[in-house]
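Peer 1: So the protein lines, in turn, are chains A and B.
Residue numbering for the first sequence follows this note's numbering, starting at 431 and increasing by one per position.
Residue numbering for the second sequence follows this note's numbering, starting at 431 and increasing by one per position.
No lab work stands behind these hints, which were simulated from the structure alone.
You may find that some hints are simply not true.
To be verified - If you only want the chain A side, here are some residues facing chain B, beta carbon under 8 Å, derived:
| id | residue |
| --- | --- |
| 1 | D514 |
| 2 | V545 |
| 3 | E554 |
| 4 | I555 |
| 5 | G564 |
| 6 | F565 |
| 7 | R566 |
| 8 | T569 |
| 9 | L572 |
| 10 | F574 |
| 11 | Q582 |
To be verified - Covered stretches of chain B (in silico footprint by chain A; criterion: 3 or more residues with CB under 8 Å from a CB of chain A, positions within the stretch not fixed):
| id | segment |
| --- | --- |
| 12 | 511 to 525 |
| 13 | 545 to 558 |
| 14 | 567 to 579 |
For every residue, glycine included, the Cβ atom is placed at its ideal position computed from N, Cα and C.
Number of protein chains: 2
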Amino acid sequence: MKKPCNCPHTHPKQELSSLTTRLRREARKITGPRAAILEILHQHRHPLTNKEIHAELPKGECDLATIYRAMQMLEKLGMVKRFDFGDGVARFELVVEGDDGHHHHLICTQCAQVVEIGECFPAEIEHRIARQNGFRAVTHRLEFFGVCPDCQK
Amino acid sequence: MKKPCNCPHTHPKQELSSLTTRLRREARKITGPRAAILEILHQHRHPLTNKEIHAELPKGECDLATIYRAMQMLEKLGMVKRFDFGDGVARFELVVEGDDGHHHHLICTQCAQVVEIGECFPAEIEHRIARQNGFRAVTHRLEFFGVCPDCQK
DNA sequence: TTTTAATTGCAAATCATTTGCAATTAATTG
DNA sequence: CAATTAATTGCAAATGATTTGCAATTAAAA
Ligand SMILES: [Mn+2]
Ligand SMILES: [Mn+2]
Ligand SMILES: [Zn+2]
Ligand SMILES: [Zn+2]
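Kindly produce the complete structure, drawing on both the sequences and the hints.
Peer 2: Given below as structure tokens:
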């Protein structure tokens, strides 16, 4: 079980019901495992790994493979955003309807504490990079790493 | 075999001999596999995966596991930099002596073409992010993704 | 309630990466 | 140059995350 975090960041309130509505809209079944997964994601403000989600679920509630499949689908539907902290494990965060979920994190290299970051790579610079190389639809993946206050002691 | 690339970027000239010197300095043996790996890295300007390096080597020349071990060591010695394009495969690039190799790439999501990028995340913003969250020694991982000129046709 | 396509659990398969171990060898030493 | 030794290698097996085949289950539509 992941310990709760009291950081200022919170997911904009969105009823779980609106989440299931989004699923139904895509002709997807609202199953026990899916509702449970959305529930877990909904009560966490930092990205979770599939294994972490699985650990939060009541034992025997849902197979790990089912979670992997659910996250793939939710990602395709744009309901969750996949993040890569460079440790070879995917992490997911719920995305608010209408948003694309693009944002970044600051991760402690010692204890893996995560901080949600509001800043983004400057658009003007990104546009210049795209133009100079003739690329279209350019975006980026960006994560910060450092030593958190606790781990500095 | 990776097709050669004629992009303007080139590795600052550094004799292979200087590379082996760096190895020797660390009390490491200059073996056939290691020399071959450095040679391969030396003639490429974009990061290579272990499998790609292995494919470039004359068949039977060196085991894949040896390449994995060599890259781990070279990374620890700061002679190569590890990059993560988010596809679950590590890539490595030779690092010039005295440099830390920090830089970024623009990758085509269709054909995987790679462009070396000179820009970096603005230091002032990064410092602010570090300060505001009490983090020390903050750095970042950043890669750009888009559709290259060829793949737009 | 029946029908049916979507979903699930479970086990096996993939893939990148790591590791144990015995055989090999670069580098040092005399 | 030959002996000595710790580092290195090849090979096979182990790991860990993620995916997939398939038969059984089930949500949703009729
Ligand atoms: Mn986040
Ligand atoms: Mn590069
Ligand atoms: Zn951004
Ligand atoms: Zn940078």
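Peer 1: State the violated hints by number, sorted upward, taking the hints as numbered earlier in the document.
Peer 2: 3
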